[in-house]
Amino acid sequence: MAFKDMQGSKWHDQMPNRQNTFIFPQTEVVLIMRRSDSGAAERARRRERERAGWQLRSVREMEENKVGRPSRFGRVCVFCGSSPGKRNCYQDAAVELGKELVARKVGLVYGGGSVGLMGLVSEAVHQGGGHVIGIIPRTLMCKEITGETIGEVRPVASMHQRKAEMARYSDAFIALPGGYGTLEELLEVITWAQLGIHSKPVGLLNVDGYYDKLLAFIDKAVDDGFIQPIQRRLVVSASNAGDLVQKLELQEYEPVQDDVVARLRREMEQVALHPGNGLHEPCS
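Position 61 of the sequence shown, counted from 1, bears residue number 61 in full-length UniProt numbering, the numbering being contiguous throughout.
In short, the hints are calculated from the structure, not lab data.
Fair warning: there could be bad hints in the mix.
Calculated pairs, DSS-like style, for lysine-lysine (alpha carbon to alpha carbon, straight line, at most 25 angstroms) [stated by the list, open to error]: (1) Lys200 x Lys105; (2) Lys200 x Lys213; (3) Lys213 x Lys86; (4) Lys99 x Lys200; (5) Lys220 x Lys143; (6) Lys247 x Lys99; (7) Lys86 x Lys99; (8) Lys200 x Lys220; (9) Lys213 x Lys247; (10) Lys105 x Lys247; (11) Lys200 x Lys247; (12) Lys220 x Lys247.
If you anchor each label on the Cβ, the simulated ranges turn out as follows [unchecked claim]: (13) Val222 x Glu148: 19 to 25 angstroms; (14) Tyr169 x Gln228: 28 to 34 angstroms; (15) Gly128 x Met159: 25 to 31 angstroms; (16) Thr139 x Asp223: 36 to 42 angstroms.
Built from N, CA and C at the ideal position, the CB exists for glycine as well.
With the sequences and hints as input, model every part of the structure.
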C-alpha cells in the first residue's frame, strides 16, 4: 500500500538577506539566502529548493484549503455518541464539526439519531443549509429519534446494513467521542481500509485527549508487530475540526489490489440496502 501523506508545514518569512527557515514536521530545510559569489553555494541552494518542492506545494495546498477551496469530499460520515457526554467540550466539538462541514460545502452522513452528539452535529449541518443523510435501523428509531427528524432519514433492517450504507454514501470518515457503538463503527472502517475494501481517509476528532489511549494502543500494536508501520497512517487525528478535515483532505493512499480484496468488495456491494417505506413504523 503506497501512501502520499502531505502534512501541514510552517513557513517563516523574514527580511531579505537574512536566513529563511522552512520548518516541517519531521525535517528542517534551511535555505541560506545571503548573497554569495560561489557557484557551489548556488548549486547547493538549488538542490535544497528542489528537495523541498513537495513540502512547499503542501504549504500552498494547506493555504488554499484555509481560504475555502472546494472540498474533494461530497459527504463525510461522522460516527459519534447517542449521548451528549458529561463535558461541554464534546458538545461544542460536535457543533464545530457540523459548521466546518457546512463551510466546506460537505454533506453529512450519520447514524440518523436526533439525540446526543448525533443530534448536535446533524442539527448544525442542517441549520447551515448542508445536506444530511441519517441511516438508522428501524428497531432504534423510537430510541434515537425524538421530535422531528433532521434531513433525510433512511431506515434500514440491521446494524450491518446501517454501516454498509453509511460507508457507501461517504467519501471520508470522522469519529467524534462516543461509546461502544462509535468505537465499533470506527474500527470496522479502519479494518476495511487495511484490507483494501475502500480507500477513504479516516480521522479521529481527539477532543481534549479523548482518544489519546486509543492512539497509544495503536502505536503499541505497531511496536509489538500486530499492525504494520505503514498501516499506522490509516488513521489521522487532530484536536479541532478544522485541522482534522484539512488533514483528511490531504491524505491519500492507494487501495490494495488482489483477488481476495476484489471478492470482499463485491460482497460489500451486494449487501441488500433497502431502507423501505417504514419511516414512521412503530417500534416492536
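Results for each hint:
1. Lys200 x Lys105: 18 angstroms, holds
2. Lys200 x Lys213: Distance of about 24 angstroms is within 25 angstroms: holds.
3. Lys213 x Lys86: Holds: Lys213 and Lys86 sit about 19 angstroms apart, inside 25 angstroms.
4. Lys99 x Lys200: Judged against 25 angstroms, a Cα distance of about 22 angstroms means the pair holds.
5. Lys220 x Lys143: Violated, at roughly 37 angstroms.
6. Lys247 x Lys99: Measuring from Cα to Cα gives roughly 17 angstroms; hence the hint holds.
7. Lys86 x Lys99: Cα-Cα ~22 angstroms, so holds.
8. Lys200 x Lys220: 24 angstroms, holds
9. Lys213 x Lys247: Holds, at about 21 angstroms.
10. Lys105 x Lys247: 17 angstroms, holds
11. Lys200 x Lys247: Cα-Cα ~13 angstroms, so holds.
12. Lys220 x Lys247: 23 angstroms, holds
13. Val222 x Glu148: 19 to 25 angstroms: 45 angstroms, violated
14. Tyr169 x Gln228: 28 to 34 angstroms: 29 angstroms, holds
15. Gly128 x Met159: 25 to 31 angstroms: 29 angstroms, holds
16. Thr139 x Asp223: 36 to 42 angstroms: 41 angstroms, holds
The earlier numbered hints that this structure contradicts are 5 and 13.
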